[in-house]
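> What follows is each chain in one-letter form.
Number of protein chains: 2
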Amino acid sequence: MVNIAVLGHGVVGSGVVEVIDTNYGHIAKNLGQAINIKRILDLREFDVPYSYKFTKDFDDILNDDEISIVVEVMGGINPAYDFAKKALSRKKSVVTSNKELVAAKGAELLKIAKENNVNFYFEASVGGGIPIIMPMHSCLAANVIDEVAGILNGTTNYILTKMIRENMSFEDALKLAQHLGYAERNPSADVDGHDACRKICILASLAYGKHIYPENVYTQGITDISLEDVEYADNCGCVVKLIGRTKKLSNESGDILCMVSPAFISNQSQLGVIDDVFNGIMVRGNATGDVVFYGKGAGKLPTASAVVGDVIAAAKRFKTTESLTWEDDGKNHVVDYKTTSVPFYVRCKGENAESIICEIFDDIEFLSRKNKPDNEQAFITAELLESDFDSKIEKLSQKGIEVINYIRVLNY
Amino acid sequence: MVNIAVLGHGVVGSGVVEVIDTNYGHIAKNLGQAINIKRILDLREFDVPYSYKFTKDFDDILNDDEISIVVEVMGGINPAYDFAKKALSRKKSVVTSNKELVAAKGAELLKIAKENNVNFYFEASVGGGIPIIMPMHSCLAANVIDEVAGILNGTTNYILTKMIRENMSFEDALKLAQHLGYAERNPSADVDGHDACRKICILASLAYGKHIYPENVYTQGITDISLEDVEYADNCGCVVKLIGRTKKLSNESGDILCMVSPAFISNQSQLGVIDDVFNGIMVRGNATGDVVFYGKGAGKLPTASAVVGDVIAAAKRFKTTESLTWEDDGKNHVVDYKTTSVPFYVRCKGENAESIICEIFDDIEFLSRKNKPDNEQAFITAELLESDFDSKIEKLSQKGIEVINYIRVLNY
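Here the protein sequences line up with chains A and B, keeping their order. With the first letter of the first sequence counted as 1, position 132 gets the number 136 in our numbering; the numbers rise by one all the way through. With the first letter of the second sequence counted as 1, position 69 gets the number 73 in our numbering; the numbers rise by one all the way through.
Accuracy of the hints is not assured; some may be wrong.
Identical copies go unnamed one by one, so any copy, or any two together, can satisfy a pair.
[Said to hold, decoys possible] Straight-line C-alpha distance at most 27 Å; calculated BS3-like pairs for lysine-lysine:
| id | residue 1 | residue 2 |
| --- | --- | --- |
| 1 | LYS115 | LYS323 |
| 2 | LYS251 | LYS109 |
| 3 | LYS33 | LYS115 |
| 4 | LYS396 | LYS320 |
These are computed hints drawn from the structure, not numbers from a lab.
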């Protein structure tokens with residue numbers, strides 16, 4: 005029997021209890037022994053049949069030598085970071101769903117795990133129930149990872165899907181998402197892209213072996229996306245999606261591009277067809293080509309099932325440590341995104357917009373939409389250095405054209 | 005340094021050499037040590053810089069105690085089966101891409117591996133470069149797998165895509181696939197569904213823990229699919245795909261449905277958008293819901309990269325054995341598909357077809373296509389027990405209606 009402790013009895017924590025309870029026999033057969041949740045840490049009181057397992061004191065778990073695996077599903081950096089460090093130092097493997105913790109402290113916790121010959125696993129921190137961390141690290145181990153791009157946040161994907169499919173405004177779609185429990189009352193972490201940013205940082209760190217910090221990653225959310233943008237996207241066979249992406253640059257530095265922004269992508273592509281609260285992640289390996297992983301990126305049971313999958317893996321690898329790791333060498337390996345190139349979609353308005361646009365931009369494609377006002381223009385540019393694009397946008401403004409929005413066009 | 009041997013220097017075997025060579029440093033960093041291909045077994049002569057590694061005698065590999073991992077990429081049952089057994093018995097882990105071998109002898113080879121405390125891995129046997137075996141076994145370990153369905157054969161998917169997108173006949177699309185090297189000169193293993201059958205058997209065995217044998221699995225290929233069927237599919241928002249599927253039945257027996265057949269599926273679904281030589285596999289877990297894996301299902305480097313991923317995993321788990329396993333209990337766990345239910349698409353012709361169809365079938369939806377002959381009818385039935393459907397089709401014939409084709413309608 006493997007004894008574990010669960011830190012936090014919120015949505016994911018109670019889901020972990022439920023998954024282990026529901027699939028008890030199945031898991032025991034797979035693992036060769038049963039999993040027993042010995043203690044649960046939560047400061048709140050719960051009226052559940054297993055309330056005798058609760059403690060408010062982390063030391064009850066830390067000092068219990070029978071507990072070999074600690075599941076951290078509290079969220080936030082503190083006290084999760086402190087608890088994880090202490091558990092690893094006491095030679096307990098740690099499994100977490102906490103993307104904030106992994107994005108901020110992953111390198112350090114992986115190092116402590118290795119020093120103590122235990123494992124630090126975090127499959128649930130990216131893509132919820134979708135297997136991605138382990139497949140990337142293990143099944144694709146023979147590949148140099150050239151690029152990763154994904155729809156990493158279910159809340160924003162739900163909102164964008166409502167805008168695209170039902171012509172709902174951003175505000176109404178957000179309200180609906182909040183009503184359905186997909187979005188928090190304060191939706192900033194989702195709609196401003198921070199959640200997606202943490203996830204792409206974890207994937208980038210895993211792909212490149214260096215800790216990529218969220219503060220170095222340009223992050224733009226979806227609050228400026230309007231129904232007009234969605235209509236113009238449709239006009240060129242695209243949909244607007246919030247894309248987190250990272251790409252190895254071909255130069256000597258080994259530096260990477262890493263950013264989060266809305267993007268036009270083809271509505272026929274493997275990422276373009278991912279709707280509602282689903283997530284999808286494309287990994288491009290130098291031998292295997294594109295591989296896409298798709299599924300529920302959040303939710304109680306999908307996330308809990310990824311956590312329990314990690315618990316099973318940690319139990320199987322008792323007293324061994326996996327080589328899954330990345331270093332924090334104190335440097336920023338993310339290039340200034342202004343030095344990278346991409347085509348843009350631009351929406352603007354003003355007198356003589358069409359001829360002014362043609363003066364400033366070469367090789368553009370104008371778009372159309374139903375009831376387009378005469379003084380509104382939308383177009384797709386050729387691939388441009390981001391800094392050059394900024395100058396051109398500045399020139400448009402100088403000539404009296406109001407730039408309403410612009411969105412990157414990506415080829416995923 | 006890990007010394008390995010490669011049995012077979014065909015497409016996959018030479019790909020294994022290429023992947024290990026190209027990504028040598030990357031792999032060594034991940035694994036913590038380099039991989040050295042010490043010997044290659046092939047009866048043919050090759051003019052390559054590493055020709056000194058070749059042998060024609062398997063004993064040179066078997067008796068070399070420095071070789072800890074044997075890669076079997078010869079294909080076919082014999083002598084691959086004999087070589088794999090011998091290698092495992094000599095405590096060498098075996099990695100294979102050979103679906104025929106795994107589908108026929110998986111349970112036995114897994115058992116021998118376990119007895120010898122080594123590993124038998126076969127990630128490349130299903131889905132080529134797509135991670136599926138390990139994610140299903142490990143990341144989704146906390147789930148009871150309710151269902152697996154997939155586009156498992158790239159050749160047939162390429163042919164169907166050409167029929168759907170370019171209105172090409174089956175015969176022309178097959179010729180093109182042969183010309184491009186996607187199909188063999190004798191295309192039976194692909195177009196008759198046998199390749200997809202072996203793959204769904206491997207996935208079913210993994211999901212249910214019992215060896216599922218190809219000979220117990222009803223298998224229908226795509227040779228009867230016509231452009232008319234493709235047009236009618238389009239009329240109801242569907243595409244025709246060759247689907248391998250397995251599903252746990254809700255009865256007490258623990259028996260499963262397992263079959264391969266063409267199917268109408270929605271052209272907007274995660275499997276419906278998978279085109280060309282790509283494969284996609286949907287796994288439905290009782291906690292995580294639907295997870296889909298997508299990528300190149302065949303080809304030299306994708307397949308080789310999955311093989312080398314397994315080599316890395318086997319090297320990491322030296323002298324330990326994974327619990328990945330299934331049993332052969334001598335029973336057939338696949339139910340008679342005639343006792344299962346599904347809606348059907350039917351195409352037929354004859355005088356008064358419409359009224360005769362309505363007499364025999366309840367609750368049907370008629371379909372249309374451009375230039376539909378007056379005496380031709382196509383329709384989708386309600387969900388019907390397969391044996392009941394057979395009786396109804398028989399009644400149609402008795403009333404003078406010629407049934408040209410029928411295809412299952414699936415909800416993936």
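> Now, for every hint given, state plainly whether the structure supports it.
How the hints compare with the structure:
1. LYS115 to LYS323: Classified as both; 15 Å inside a copy, 24 Å across copies.
2. LYS251 to LYS109: Within. Shortest intra-copy distance 22 Å satisfies the 27 Å Cα cut-off; inter-copy 41 Å does not.
3. LYS33 to LYS115: between (32 Å within a copy, 16 Å between copies)
4. LYS396 to LYS320: Neither: 57 Å inside a copy, 53 Å across copies.
Hint 4 from the list above is the single one not met by this structure.
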